[in-house]
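Asks: The chain contents come next:
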Amino acid sequence: MNIYVLMKRTFDTEEKIVIENGCISDDGVNFIINPYDEFAIEEAIRLRDAHGGEVTVVTVGAEDAEKELRTALAMGCDRAVLINNEDVEDGDQWSTAEILAAYFKDKEFDVILGGNVSNDNGTGQIGPRLAEKLGIPHVSTIVKIEIDGDKATLERDAEGDIEIIEASLPLLVTAQQGLNEPRYPSLPGIMKAKKKPLEVLELDDLDLDEDDVSGRTETVEVFLPPEKGAGRILEGDPDTQARELVRLLRNEAKVI
Amino acid sequence: MDFELSDEHRMLQKMMREFADAEVAPGAIERDRTGVFPEDIFKKLGELGVLGLPFPEEYGGGGADTISFVIAVEELSRACGSTGITYSAHISLGGAPIHMFGTEEQKRKYLVPLCTGEALGAFGLTEPGAGSDAGGTETSAVEDGGEWVINGTKCFITNASYARAIPITAVTGRRGSKKEISAIIVPADAEGLTISEPYEKMGLHASNTTEIHLENVRVPKENLLGRRGEGFKQFLATLDGGRIGIGAMAVGIAQAAYEKTLRYAKIRRQFGTSLSKFQAIQFKLADMAMKIELARLMVYKAAWLKDNGKNFSKEAAMCKLYASEACMEICREAIQIHGGNGYMREYEVERYLRDAKLLEIGEGTSEVQRMVIAREIGC
Numbered sequence: 585m586n587i588y589v590l591m592k593r594t595f596d597t598e599e600k601i602v603i604e605n606g607c608i609s610d611d612g613v614n615f616i617i618n619p620y621d622e623f624a625i626e627e628a629i630r631l632r633d634a635h636g637g638e639v640t641v642v643t644v645g646a647e648d649a650e651k652e653l654r655t656a657l658a659m660g661c662d663r664a665v666l667i668n669n670e671d672v673e674d675g676d677q678w679s680t681a682e683i684l685a686a687y688f689k690d691k692e693f694d695v696i697l698g699g700n701v702s703n704d705n706g707t708g709q710i711g712p713r714l715a716e717k718l719g720i721p722h723v724s725t726i727v728k729i730e731i732d733g734d735k736a737t738l739e740r741d742a743e744g745d746i747e748i749i750e751a752s753l754p755l756l757v758t759a760q761q762g763l764n765e766p767r768y769p770s771l772p773g774i775m776k777a778k779k780k781p782l783e784v785l786e787l788d789d790l791d792l793d794e795d796d797v798s799g800r801t802e803t804v805e806v807f808l809p810p811e812k813g814a815g816r817i818l819e820g821d822p823d824t825q826a827r828e829l830v831r832l833l834r835n836e837a838k839v840i
Numbered sequence: 051m052d053f054e055l056s057d058e059h060r061m062l063q064k065m066m067r068e069f070a071d072a073e074v075a076p077g078a079i080e081r082d083r084t085g086v087f088p089e090d091i092f093k094k095l096g097e098l099g100v101l102g103l104p105f106p107e108e109y110g111g112g113g114a115d116t117i118s119f120v121i122a123v124e125e126l127s128r129a130c131g132s133t134g135i136t137y138s139a140h141i142s143l144g145g146a147p148i149h150m151f152g153t154e155e156q157k158r159k160y161l162v163p164l165c166t167g168e169a170l171g172a173f174g175l176t177e178p179g180a181g182s183d184a185g186g187t188e189t190s191a192v193e194d195g196g197e198w199v200i201n202g203t204k205c206f207i208t209n210a211s212y213a214r215a216i217p218i219t220a221v222t223g224r225r226g227s228k229k230e231i232s233a234i235i236v237p238a239d240a241e242g243l244t245i246s247e248p249y250e251k252m253g254l255h256a257s258n259t260t261e262i263h264l265e266n267v268r269v270p271k272e273n274l275l276g277r278r279g280e281g282f283k284q285f286l287a288t289l290d291g292g293r294i295g296i297g298a299m300a301v302g303i304a305q306a307a308y309e310k311t312l313r314y315a316k317i318r319r320q321f322g323t324s325l326s327k328f329q330a331i332q333f334k335l336a337d338m339a340m341k342i343e344l345a346r347l348m349v350y351k352a353a354w355l356k357d358n359g360k361n362f363s364k365e366a367a368m369c370k371l372y373a374s375e376a377c378m379e380i381c382r383e384a385i386q387i388h389g390g391n392g393y394m395r396e397y398e399v400e401r402y403l404r405d406a407k408l409l410e411i412g413e414g415t416s417e418v419q420r421m422v423i424a425r426e427i428g429c
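From first to last, the protein sequence lines are chains A and B.
Adding 584 to a residue's 1-based position in the first sequence gives its number in our numbering.
Adding 50 to a residue's 1-based position in the second sequence gives its number in our numbering.
The following block holds chain A by itself, in its conformation from the complex (with noise of 0.2 Å):
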C-alpha cells in the first residue's frame, strides 16, 4: 500500500506568540510536529505494519522542517519529502494546496492521511482542498480506520458523535485526537533517521513558478487577542450580588 502524509511544522503549543512588526516572531522559539499530524504519522505506521507497503512524510514548508520530518522517520516513516515553498509570496492554504496537487499529480496512492487541523493557523483546509484537487473522497476528523481491500470504514468525530462512514480508496483522511497513542520515535528508529532518504524539492521540480502559487488571501492586520482583565469577585448577600452584576453587565459590559 502506497501511504502518504501530509505534515506540517509548528510552534510547540507551549511557546508564547510574540508580534514583532506585524509578524509573529519565530525567535528562540521551539518547534514541533503539528500535534494532529502526528496522530496521521502514528497511524500511516499502524496501517503499514497491517497492511506493507511504504509510508512517505510530506511537508511543504522551508528548509529547517527537515528536524522535524527527520523525526517522522524516526518514528518509522519509511521517506521523507520537503517541498521548500520559501520562495512563495504570501503563501496561503490556496497556495500549500496547489503544490501538494502538484506533488500528488504523477503519484500513486493508496492513502493519504493529514491532522485536522494545524495548532498555528487552524483553519483545516489542506486535507479537503488536496482531495478536491486531485478527485478522491475525503472523511475529515476520523477516530478510526480499518482498510480492506480497496474499501475503508471510518469512525468520524462529528461534534461528539461518532458517524460511522464507508469509503472507497484512494481516499484522504485527517486525524482527529483519539485516533491514536503517537509512539516516541525508539533508539535504533533515530540512529536510522539519518539513513532514510530525505528528498528536498523545489517549486521548479513540480513544473510551478512561485507565480503560480502565491497567495489569495491578503493580511491586513495580526494583533494577539486583548489582555484579560482581572476577575472581580462580587460581595453582599445573593440579591445584592445579582443586582450589581445585572448593572455591570448593562452598564461596563453592555451586553445586556
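FYI, nobody ran anything at the bench for these hints, they're computed from the structure.
Do not rely on the hints blindly, as some may be mistaken.
To be verified - Derived DSS-like pairs (lysine-lysine); straight-line CA-CA distance at most 30 Å:
(1) K327(B) x K778(A)
(2) K779(A) x K351(B)
(3) K64(B) x K780(A)
(4) K838(A) x K651(A)
Claimed, not checked - Chain B residues, not near chain A, derived (Cβ > 10 Å throughout):
(5) E58
(6) F69
(7) P76
(8) L98
(9) G113
(10) Q156
(11) N201
(12) S211
(13) L286
(14) K316
(15) R319
(16) K334
(17) D357
(18) K360
(19) G389
(20) E417
As the structure is a prediction and not an experimental result, all values here were calculated from the model.
In this text, a Cβ means the ideal position worked out from N, Cα and C, and glycines have one as well.
Given the structure of chain A, go ahead and fit chain B onto it with the hints provided.
Replies: Only chain B this time, still in chain A's reference frame:
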C-alpha cells in the same frame, strides 16, 4: 569547536524528555514513599531500545555514543533520581565492564540480555571494608578443579535483585603482601548466592540497593572477566565511565530543582510582589542557572573525550565532583526559596536533596574525586 547537539542527540533528548515527563515523573513522589522499583518503566525503556544504548548493535545495543548516554541519564534523573541511577548503573556498571573486558562468548551470554532489557546490570565491587580502597577487598575466589569457589560479602550493590549475572571483584591470589584482584561473573541464581535488600536509605528510595552474600559459590573458570589480576585496573576504568553517569544524574536533578524553583519564585507572592522580583532570590536563581550550565558542559566534555578515544579520567572525576556538589547546593537553595513549602514532600525539592546526597558519595566520594584529579595533575 561546536557546541551544537547532532540531529540524533536532539531527537533522543526530545524523546527522553517526553518519555520522562509522561511516564517517569508522575509516579516519582509515590515511589519515593513506597520504595517500589519502577519495573514497568524499565520494560518501556527496553522497548524503546534505550537499555543497550551505547553498546554495539550486534549485541542488541543501540550503537549510540556517550553524549547520548549522558542525555538519557539527565532526562530520566530530572524526573526521578531513582530511575536515573538505576539506568546509569545498568549501563555504566552493569553493561560496560562486560562490553570492555568480556570475551565474545561472555558478551553474547551476558551483554545481550542487558541490551534487550531481559535483565538489569549490576556490578559487585563495594564491600563492608572496601570501596575505592580496593586493597580492603576480603571476598576470595579459590581455584578448585575447573571452578572458582567464592566466599564473601558485597554491600550497596545497585540493581542486583533484577540482574541475571553479576560481575564481582575477588582476591584470587597474593603477590607478596599485595592482593591479586580479579573480576568474575557470577550468575544471580548460583547456589550459595543470596541477595537481600536490607537498607533504609536517605534517598533514591525506588532504586534497588542490595547486599550479596557468597558462600562457597562455585562458578566455571571461564567466568573470569578479563585477565586474572587485572580486576583493580578494570574497575578503575569502569568507574571512569560511571562517574560521567553520576555527573549527568547531578545535572538532571539540579535542573529539576532549578525549574521548579524558578516557577515557584515567579508565582509565590510576599510583601506585595513575586519572590522572583527580590534581588536576593534573583541572585540565587542566577547562580543555579550558571552552575547547571557549567556542570553540563563538563559532563559533555568528559563524554566527548571518551567518545573520541582520549583519556578522560581527570575530566570524569571533575564532572562528577563539580556536578554533584553543585547539585547539592542547588537543591539546598531550592528548598530555601520554597520556604516552609520546600520542607514538605509534595513540593519535591526535599526529595531532590535527599537523592542528590548520594552523588557526592557513590562511585567514589568527592574526596576520592579530588585524589584522582590531584594524581592526574601530577601531585
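Asks: Take the hints in turn and mark each one as holding or not.
Replies: Verification of the supplied hints:
| no. | hint | verdict |
| --- | --- | --- |
| 1 | K327(B) x K778(A) | 46 Å, violated |
| 2 | K779(A) x K351(B) | 27 Å, holds |
| 3 | K64(B) x K780(A) | 20 Å, holds |
| 4 | K838(A) x K651(A) | 49 Å, violated |
| 5 | E58 | 6 Å, violated |
| 6 | F69 | 5 Å, violated |
| 7 | P76 | 16 Å, holds |
| 8 | L98 | 5 Å, violated |
| 9 | G113 | 6 Å, violated |
| 10 | Q156 | 24 Å, holds |
| 11 | N201 | 40 Å, holds |
| 12 | S211 | 25 Å, holds |
| 13 | L286 | 29 Å, holds |
| 14 | K316 | 14 Å, holds |
| 15 | R319 | 14 Å, holds |
| 16 | K334 | 25 Å, holds |
| 17 | D357 | 15 Å, holds |
| 18 | K360 | 23 Å, holds |
| 19 | G389 | 26 Å, holds |
| 20 | E417 | 36 Å, holds |
Figure legend: structure checked against the earlier numbered hints; hints not met, in rising order: 1, 4, 5, 6, 8, 9.
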